[in-house]
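J.: Okay, here's what each chain looks like letter by letter:
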Amino acid sequence: MTREELKLIVLDALAGIAPEIAAAEIDPHRPLRDQFDLDSMDFLNFAIVLHKKLGVSIPETDYARLATLDQCIEYLSRTESA
Amino acid sequence: MAEFVMPALGADTEAGTLVAWLRQPGEAVARGEVIAEIDTDKGVIEVECFTSGVVERLLIEPGQKAPVGAVMAIIREESAAPPAPSAPPAQPAPVRVRISPVAKKLAEESGLALDALRGTGPGGRITQEDVERALAERAAPPTDRHARMRQAIAAAMTRSKRETPHYYLNATIDMHSATVWLAAENAKRSVEDRLLAGVLLIKAVAQALRELPEFNAVWEKEQLVRREAVHVGMAISLRGGGLIAPALRDADRQSLDELMRNFQDLVRRARSGGLRSSELSDATITITSLGDQGVDAVFGIIHPPQTALVGFGRIAERPWIVDGLVVPRPLVTASLSADHRATDGHQGARFLAAIDRLLQRPEEL
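Line by line, the protein sequences are chains A and B.
As numbered in our numbering, residues 1 to 82 make up the first sequence, in order.
As numbered in our numbering, residues 1001 to 1365 make up the second sequence, in order.
It should be emphasised that the hints constitute simulated quantities derived from the structure, not laboratory data.
Hints may contain errors.
Quick list of in silico lysine to any residue cross-link-like pairs, SDA-like style, CA-CA up to 25 Å [claimed, not checked]:
| hint | chain 1 | residue 1 | chain 2 | residue 2 |
| --- | --- | --- | --- | --- |
| 1 | B | Lys1161 | B | Trp1219 |
| 2 | A | Lys7 | B | Ser1190 |
| 3 | B | Lys1188 | A | Asp39 |
| 4 | A | Lys52 | B | Asp1257 |
Rough simulated footprint, nothing fancy, chain B against chain A, three-plus residues with beta-carbon under 8 Å [said to hold, decoys possible]:
| hint | region |
| --- | --- |
| 5 | 14-21 |
| 6 | 39-46 |
| 7 | 58-69 |
Quick reminder that beta carbons are idealized off the backbone N, C-alpha and C, glycines included.
With the sequences and hints as input, model every part of the structure.
T.: Next up, the structure:
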């Protein structure tokens, strides 16, 4: 899967949690949590959607490596190819 | 018996939404006293009672919209002559609602009170269209709803701060055992079945209420009335502003897994619609957690008629002394806002201590 395809999946997953994200300009380097006011339950739901769509089971200890949009794509492209 | 009806609030106002009843069944109300707060396009209006007596029945619940002239409550008038000894005892006249079976089913499923519906069918019969119109009115446009919600929060919080003498306590709780147990548990689980630390906090509060039941209560008729069931109101922030605190019902009887699923479901419905009227009316205590926003502690305002609110800040690694050594430990500040009419600080301290103790044995929660 290309990085562009992964990006679309990540954006789609985020938009399902916070609808305003769909129309928003995302800063790829700024933490999603404070950019879109996500709480722990939002982030868990985000991980659940990624699991369903990509089959990746992100351990809790890796959550910190998915803070920004760029980091999400980087992480997912590595786990995908692994 | 007198009917308390939705008053005409100016020619351009057709309906109002009840924000709060300031009198409950059995309570006396005097002519000219404020009996209800009603949200209209003019803001929240304090509505005075036109007669003196005792509230017999309330026919609509906070959040329900009623057209001008709709019967909202039944008042037993003070001046009503006692029945003659030979006469049969006066029974409150049952309010008979004419409604089609389809409309009745729809209204009941949607949590609409039949008494507040206006019938346009033959003989004032409530039709399916009447119910659908009422449902459409309830689903007001978002901006409008935000403004109305703000007004409702303002009314409830102003009333609480005006009438409830709050006292505040806080305690630092070592979350080492809880977070270690949770991390190990979640590592074994698939993503869908993971638990949030917040669920341990909810369960600890619910269990602590069994030991200190005076905090699972409401303040009614100038006294503490304990509630048997533990319905924990969860303060849930809404995207774009606003707050709602629906109840996780029977939280003390649920396993952590059940609580997690029901909490997820409650948050989803609070944010996208579908809350039940019972969830909005029968919480017996409230929990607010602002840890995700990074604050250390929160001292909330009690949601009337409840008598207590427990707040949690962020679970953060800080220096802590264990066996004489300074070690890093995940700590959380738990706070209690409680009604001093109902309880004292001594009981409040025991309540926080019980929450602390229960969190040290997460496997037993």
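J.: Are the hints correct? Go through all of them and say.
T.: Okay, the hints, checked on the actual structure:
no. : hint                    : verdict
1   : Lys1161(B) - Trp1219(B) : holds, 14 Å
2   : Lys7(A) - Ser1190(B)    : holds, 23 Å
3   : Lys1188(B) - Asp39(A)   : holds, 23 Å
4   : Lys52(A) - Asp1257(B)   : holds, 20 Å
5   : 14-21                   : holds (count 3)
6   : 39-46                   : holds (count 5)
7   : 58-69                   : holds (count 4)
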